[in-house]
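Engineer: Here's the letter readout for the chains.
There are 2 protein chains.
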Amino acid sequence: MKIVNSIEEVRSNIRQARAEGKTVGFVPTMGFLHEGHISLVNRSKSETSYQVMSIFVNRLQFNDLKDFTSYPKDMERDADMAKNAGVDLLFVPDENEMYNNNLTSVNVERLTDHLCGAHRPGHFQGVFTVVSKLFNIIQPDVAVFGQKDIQQAVSIEKMVDDLNFPVRIIIAPIMREVDGLAMSSRNKHLDAANRQNALVISKSLRKAEQMLIAGETHAGSVISAMKDVILGGNPASIDYISVVRYSDLSPVDTVTQKAVIAVAAFFGTTRLIDNMIVNLDKGSVECIY
Amino acid sequence: MKIVNSIEEVRSNIRQARAEGKTVGFVPTMGFLHEGHISLVNRSKSETSYQVMSIFVNRLQFNDLKDFTSYPKDMERDADMAKNAGVDLLFVPDENEMYNNNLTSVNVERLTDHLCGAHRPGHFQGVFTVVSKLFNIIQPDVAVFGQKDIQQAVSIEKMVDDLNFPVRIIIAPIMREVDGLAMSSRNKHLDAANRQNALVISKSLRKAEQMLIAGETHAGSVISAMKDVILGGNPASIDYISVVRYSDLSPVDTVTQKAVIAVAAFFGTTRLIDNMIVNLDKGSVECIY
Chain A
2 MKIVNSIEEV
12 RSNIRQARAE
22 GKTVGFVPTM
32 GFLHEGHISL
42 VNRSKSETSY
52 QVMSIFVNRL
62 QFNDLKDFTS
72 YPKDMERDAD
82 MAKNAGVDLL
92 FVPDENEMYN
102 NNLTSVNVER
112 LTDHLCGAHR
122 PGHFQGVFTV
132 VSKLFNIIQP
142 DVAVFGQKDI
152 QQAVSIEKMV
162 DDLNFPVRII
172 IAPIMREVDG
182 LAMSSRNKHL
192 DAANRQNALV
202 ISKSLRKAEQ
212 MLIAGETHAG
222 SVISAMKDVI
232 LGGNPASIDY
242 ISVVRYSDLS
252 PVDTVTQKAV
262 IAVAAFFGTT
272 RLIDNMIVNL
282 DKGSVECIY
Chain B
2 MKIVNSIEEV
12 RSNIRQARAE
22 GKTVGFVPTM
32 GFLHEGHISL
42 VNRSKSETSY
52 QVMSIFVNRL
62 QFNDLKDFTS
72 YPKDMERDAD
82 MAKNAGVDLL
92 FVPDENEMYN
102 NNLTSVNVER
112 LTDHLCGAHR
122 PGHFQGVFTV
132 VSKLFNIIQP
142 DVAVFGQKDI
152 QQAVSIEKMV
162 DDLNFPVRII
172 IAPIMREVDG
182 LAMSSRNKHL
192 DAANRQNALV
202 ISKSLRKAEQ
212 MLIAGETHAG
222 SVISAMKDVI
232 LGGNPASIDY
242 ISVVRYSDLS
252 PVDTVTQKAV
262 IAVAAFFGTT
272 RLIDNMIVNL
282 DKGSVECIY
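Quick note, the sequences are listed as chains A and B, same order.
Numbering-wise (the numbering used here), the first sequence opens with residue 2 and increments by one.
Numbering-wise (the numbering used here), the second sequence opens with residue 2 and increments by one.
Chain A on its own, in the form it takes in the complex (with noise of 0.2 Å):
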């Protein structure tokens, strides 16, 4: 695995992969690694023979500028764990590579009014931006999103979408620990008591999908059965629990065809989130979470 820090030297090497006929499949990352960004990896590796990953902690998509400078750092444990999943490129630019006095934005309407982008402004145009521009250094055949993160995924399939970036987009399935907590970075600020309590966010999402193969399809109903389950486990406060239409992640007042489940509590101090995409088609339900 070579780490490069410049977008000279991605280019070349890219175009080095290029001319012996590899496929570039590519994982951006903020770094701070753990086994959900692993499995990104593994699935661009299922499609494309050259794997490329990128670690910027971007400043533009942090609200608080303190939760920037504070966002945790562990570069030689990324590597190594980068280098063991197979990861040809690493492109870890500092600020200035990527950043020169930037007054360019791209921005997806609509898709970021509600679910996480409701409360944090500015915060989905910068991750579009800095997409943009590593679409732009990278030119990757294939693309692996998280969809534990669906708000990002679906607004960037769309933001692809409508720019043709030439690029195809994967969004792969949230990694969860056995008990069925969504695997995040985040996981370890909970202590003991709440990492138990946790586990009422999968849960409600099991009963929604209970719920919806025993017919329901009333969005009140399920968020209300949700609400129920969650409580259980003790939240500091319930964030949003939501249902969406996939394609514009507006609020439903009825699940029909393709739609998102997404819910954000906090336990504790730590706010957690978690989801599942729903596909309806003539009776048949398919959750994927």
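Wrong hints could be hidden among the right ones.
One copy or any two copies: either way a pair holds, since identical chains are not told apart in the list.
To be verified - Derived SDA-like pairs (lysine to any residue); straight-line CA-CA distance at most 25 Å:
(1) K259 with Y100
(2) K46 with P174
(3) K259 with N103
(4) K23 with N137
(5) K23 with P167
(6) K204 with L281
(7) K259 with N102
(8) K259 with N97
(9) K67 with D192
(10) K74 with L182
Don't read these hints as lab results, they were simulated from the structure.
With the hints as your guide, set chain B onto chain A.
Structural biologist: Same frame as chain A, now just chain B:
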């Protein structure tokens, strides 16, 4: 010359050209071609071996829907001119091919605050969005824009730099009638008297050049002298006479290093624009107009 309407056909034709070892030059237009457009193709031909032109009247960049629907069209003449100019691939998409429930936009701050941008909210965002799409569809090595629309050209340079588009932008000089009037499809709206009057615009730029050569660097003095020249042509009104920094197109009090001097004025009901790029370097003065 091939004429194609779909993104897929563009991509397959360009893939073929690339397989033949060709380099791709691109000139985006809204059609109704004149010699100015052809000069952009000629410049592109001097840099690359396969020429792509697009003709697409981009609804997103019109503030007034009436201007959009009444935008002049002459597809048959355009196709002849493009063919004679040596265009290899003419891309003429319809509205649905380009915009399918589009929610994504690209914006460049600051550079669009002054000059034409001041009175055309949303115009440049529409330009950046469609140009981003066209760059992603065509993936050219080189794209050529005219200096005539200097704010567009400089902002797109900045967008390409900020978002790392793998394309080299060339700004080609303004084509002029023998008497100095900048070529524009709007010139045909001028009656005989205003056609003559309008010469004061290019004269005002020459006046500015003379002053710079004589050592004048105070923007206010240059603007004041240009205003006197333009008023001599009885304009219906002067929209702006501005001296701006090239790098961010913001107004300056003193001309230093690289600057743009730009004019917009109405003759009758026809709005005309013109400009020159100024390079001041160790006392030498270069004016490109």
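Engineer: Now tell me, hint by hint, if it's right for this structure.
Structural biologist: Now for the hints, and whether the structure bears them out:
For the identical chains of this complex, K259 and Y100 are inter-copy neighbours only, at 22 Å across copies versus 37 Å inside a copy, given an alpha-carbon limit of 25 Å. For the identical chains of this complex, K46 and P174 are intra-copy neighbours only, at 15 Å inside a copy versus 48 Å across copies, given an alpha-carbon limit of 25 Å. For a Cα distance limit of 25 Å, the shortest separation of K259 from N103 across copies, 19 Å, qualifies, whereas the shortest one inside one copy, 37 Å, does not. For the homomeric pair K23 and N137, the shortest alpha-carbon distances inside one copy (18 Å) and between copies (21 Å) are both at most 25 Å.
Taking the shortest Cα distances, K23 and P167 sit within 25 Å of each other both inside one copy (16 Å) and across copies (19 Å). For the identical chains of this complex, K204 and L281 are intra-copy neighbours only, at 20 Å inside a copy versus 69 Å across copies, given an alpha-carbon limit of 25 Å. Proximity of K259 and N102 under a CA criterion of 25 Å is satisfied inter-copy only: 17 Å between copies versus 41 Å inside one chain copy. Taking CA atoms no more than 25 Å apart as the test, K259 paired with N97 passes between copies only; the shortest distance there is 24 Å, against 41 Å inside one copy.
For the homomeric pair K67 and D192, the shortest alpha-carbon distance inside one copy (23 Å) is at most 25 Å, but the shortest distance between copies (63 Å) is not. Proximity of K74 and L182 under a CA criterion of 25 Å is satisfied intra-copy only: 23 Å inside one chain copy versus 60 Å between copies.
Checked against the numbered hints listed earlier, the structure breaks none of them; every hint is satisfied.
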